[in-house]
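Q: Mind docking chain P with the ligands on chain U? Use the hints.
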Amino acid sequence: MNTEAQSISRALNIGPSILGTYRTEIAIAIAIVVLMLGVGAFIPAALSAGNFANILQAAAPLVIMSLGVLLVVLTGGIDLSVGSVFSLTGMVTALIMSWGWGSVPSAAAGLGVGLIFGSINGLLVTAVGLAPFVVTLITYAVAGSLAFIVTNGRSMGIGAPDFWLLNSGQLIPGIANYVLFCVAFAALLELALRKMTFGRWFYAVGSSANAAHLLGVPVKRTRFSAYVFSSLMASFAGLLTVSYILNAESTAGASLMLQAIAAVVIGGASLFGGTGSAIGAVLGALMITVIQNGVNLIGINSFWQGSVTGIAILIAVLIDRFSHK
Amino acid sequence: MSDWEERDPDAGRRNENCTASANESNRPQTLVSVRGLQKQFGATVVLKGVDFAVQPGQIHALLGGNGAGKSTMIRIITGDLTYDGGTVEFGSKRGDRPVVAVVHQELAVLPHLTLAENIGIVHARSFIEPYSARRAENIASKALSLIDPHLAATSLSRMGGDLTLHEAQIVEIARALSTGAEVLLLDEPTANLTVAETERLFAVLQRLAQETGIGIVFVSHRMKEIRQLCDVCTIIRDGRTVVNARPIADLTDAEIVRHMGQPAHRNSNSEAARTRSDHVEVTLVGPGIELPVHLGTILGLAGSPDGPSGLISTLIGKAGTSQWSLKGEGWPSRPTAPIASVRNGIGYVTGDRAHKGVLAQLPIIDNVLASRRIREKRRYISRSERAECGDLVRTLGVKVDSIWSVPSTLSGGNQQKLLIARWLGMPLRMVVLEEPTRGVDIGTKREIYALIRKMADSGTIIVWWSTENVELLEICDEILAFDTDGRCTGPLAHETYNEDALADLTGMAA
Ligand SMILES: Nc1ncnc2c1ncn2[C@@H]1O[C@H](COP(=O)(O)OP(=O)(O)OP(=O)(O)O)[C@@H](O)[C@H]1O
Ligand SMILES: [Mg+2]
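Protein chains in written order, with my numbering: chain U, 5 to 329; chain P, 1312 to 1821.
With a straight-line cut-off of 25 Å between C-alpha atoms, the simulated DMTMM-like cross-links for lysine to aspartate or glutamate are: (1) Lys1688/P x Glu194/U; (2) Lys199/U x Glu1687/P; (3) Lys1756/P x Glu1785/P; (4) Lys224/U x Asp1663/P; (5) Lys199/U x Glu29/U; (6) Lys199/U x Glu1699/P; (7) Lys199/U x Asp1712/P; (8) Lys224/U x Glu1687/P; (9) Lys199/U x Asp1702/P; (10) Lys1359/P x Glu1400/P; (11) Lys224/U x Asp1473/P; (12) Lys199/U x Glu1696/P.
Pulled a few chain P residues facing chain U out of the computed Cβ check, cut under 10 Å: (13) Gly1628; (14) Ala1648; (15) Pro1649; (16) Arg1664; (17) Leu1673; (18) Arg1689; (19) Arg1690; (20) Trp1715; (21) Arg1733.
Quick caveat, the hints were computed from the structure, so don't treat them as lab data. We put the beta carbon where it would ideally sit given N, CA and C, even for glycine.
Bound-form chain P, shown alone:
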């Protein structure tokens, strides 16, 4: 096991116990068993009777469309939310209740505490225990080095508020791992991670499940990851369990998607025949590179987040010290503020939807139409905006009761769709997308790909940053790669348009 557990006497003892139990007992005790779970928010019934059980040593995929109730069930298991019916029971070899650790979908890193404190804070055993910075640092460093030794070595004293989104995600995972929990609930933990980080995380999870027999629940909308990591899956749909702990190998992708109640993958014809104009619309000028971009190009940005962020901040008018600029007739060389970008026809979907994306207290209609009001200089709120918003919401299949509800009552994936709806179908010159399908379910992802392609076909330049290389390769016409130090390693040549070449260029070859 990792040295963190060897040195921590408590964890060491726990681990022995657990390993023993997983090996000896013929009937391993179910860690969490949920039966007939019901939950409603006001008049909205979310869970109508969900069954779900986590066994020791199991990596259990929890699947369902956006708004199916996955996060809700996780928050009920951790005791964050109350429930209206059914039972939630726990079993453990150590005591009557296993230690449950959770990584929530929306990150909760405390901005004014250091990274070490952010992890160490859950380890205080009582209120009056004196706080030891050394102890917190030890715990943090051991937990962190499991998935990111570099971060553990360099960043323990950085403030939580200064962390990038993917660093914050790693911190949250490390915090959960450091508790030595018997049950790990991971709600879309990979949404913000790079390919390499995901690989490392999976290795750790698989080792933990096999060696210590903990139960892991994994929520994700990325089929490839689910197959790579998980043994069994449970699918919920319309508030009920439709597939209960079936081995994942028994189900095909198509079957899983069908069980989730999503439209089957339609092969959109726009994929094949995309004709691009030869007209160079704008040239991106960066350190040691000039990249001409044609009208209607979908340009992918690959690599760890630090690299593309310079280019993106120039495009969206937050240039700061970025070395990138634009060259093209009628294009500002560096928009001076976000409002200048928007007025110049550059739209932006942030990767940090919780802090920089949704306007949490504003009705959906204001969230979706804000960009249009600004871009088109609308002075008055007209009645016709309701239909406009309704159309957008319907196109993206956002699951809402009404356009007057507020985003905080929506599931993560549905909030993400709101951000995309802001720019959809607008006559823009460019849209900058940061991980636009983060947390969006499989069916809608396809829909979004098609809609974005349609925008590109109408002449909008699409700049698409994603940590999911497969996604980039599938949708982009050109890909600009950045290595782990944030240097631009240039466009991906067309003859080597594949995952390995991309992994090489981004310095993330496994």
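The following block holds chain U by itself, in its conformation from the complex:
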């Protein structure tokens, strides 16, 4: 009895080891390094500083979007509308700039798209009680078509001369903004999820909404905020992309929705809710980008990209599954 109590207290007084908590994340990080070295073995240029910068730049919008999707997935939901919101944000921002408005109000209007669609998603899921898949399928379709309607399908250049600063400026000297945003958002979200009570609520809701509700967790508010956050992040990712390529297109986000969900799943989140981490989502997004980059560099027909990504998801999920056995 006594020894049992002692062994329990010993186990309880040490915190969780980094290795234990971030097992999945470490495995993915290793996989990414292996992938990069593998590509580097064929194409030495893959390991150049220039290519690292390429990968980071290409990954940034996906990283930010994945963080948003992660929150929804944690609650056991899904957000299919992020790609469309991404596109629509870019179109609206560019359109408003074309009316002669400055960067800041145009970008704010772009974020407004995210706010509106996030709120619609959130309300339909919580207040009306529709299934997240159905709700976000609707907003995916609506936002996707609005992205064509606002400019009649034309792509739009960016009017404001200082808008590029959002992506490539340096708020902190020496670090490009897109890197800063990724790191800051990921760190803040990870901290909130681990160290704040409301962060734990996302997991609680995803684990058992019934049980959470009876415990006094504000289930509806938690769900609602997840959808708003997800759309806002998609919007922000849209702004970043437009700020980089200085051009807005109606189809810009078309492929991103599935990639964001894939990133979250690779990062160890369960689509049934209740598990996942911000760091995992970031690594998942990086992994997808590294694969795309490698496929390009090696010169494989880009039609293969989807297959390679699919296999990567399978491997990641299998690793996750067996590392928890």
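A: Showing chain P with the ligands alone in chain U's frame:
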């Protein structure tokens, strides 16, 4: 035998065979024999060498503390889990493998199928057999009427998801009985049943064992039931068999508890001298009754689950159409939502731990501290919560490797302890407990009684619903009874504070 078996030609033939074998043969064939069974999950060794055998016609109690490995062994016998060492052998007069039916500890009623389908579904003989609703209903109705004729008559087309916990339990048992199995493995089947239902179940089990010679394995933490039903017992402890198929009459309660490795029953002195304050804290107002409740009262709710559920849902902020309300200074008349209840200092332990209780994917520390975070409006997760959680886990003797494991790796009784830990020692005004010791082993039950009494002594009102009348009589200061139709039949008078009076009031006199 029951008419279900007479009409089913297959079952009829099987039964004849079995009866014959049980009577004729001098050496009845062992149905299941487990030798030196070993099992580990990851680094945790659960079974280190368990021996266990089930003979025909035997009702065999499988005992052990929470986390001893009872459910694990049952799932190995049914083939749900693989094992790492030892042997599991089957014997049968009918073939090489007896039909084994099981009632799992955590219920598995399919929510989108009707009650009839839930039972009939195990009877499909092949994939391509056309599904016959009539046949499913026949099977279901015959099996159900063995233990609950009322349910069989009224509820065959209700959806599984609409069943209450005890109805779901009956459905599961009926499903197992309907298979005509030679071996029945029942993992805490009575945990959700009322006294009357338990009586009926036991009568059926005893008849089956005597007349058809099937072997029954019965897991329970209720000593009274074990003695009433079982012939022999096997006790496992620390992953090994410590008592192997001994006649249960040979062992005293104290010996059984000792073999299970649990602390002997300490007579806590708080039992005797409990002084209650005269201050009426709150009045429960229901249909035709007003019950003043004093500070620190332990109020028992007895009777079938439908009755107390109205009162309980008012207390926990899920009022709906409930006719109950509260009256008292500073008390909301009906909390509007669970969060309002919690903020008002009303804690709640659900009776449905699998669906409404544990947060299965969250570490134990989050499960245990969620209520405290909400009640005390904690914004940040501080390091000190680890020690806090550790203390609670230790107080209740929850068997865990670390506070970071997830509840799905815990045994049923240990999960139950987590639910209680949520509210333990918090300065609350009221705690509502639904069957709080469900699945908790005998030693810890005592511990929990003492801890709850301590909470009451500190002024918390305890509302305790239980189907175990003995438990209520032992721990409660007052008992409110509900009859089988869910009507409140009023508080139990003090001069008739006994089991018979309670059985009368709840309409469950045998
Ligand atoms: N999937 C799993 N992973 C890790 N450990 C597990 C897993 N399943 C069960 N265990 C451990 O195995 C032990 C035995 O569990 P089991 O459910 O068999 O106990 P039990 O005897 O049925 O207890 P109870 O009376 O509480 O139902 C427990 O300590 C539990 O933590
Ligand atoms: Mg068990």
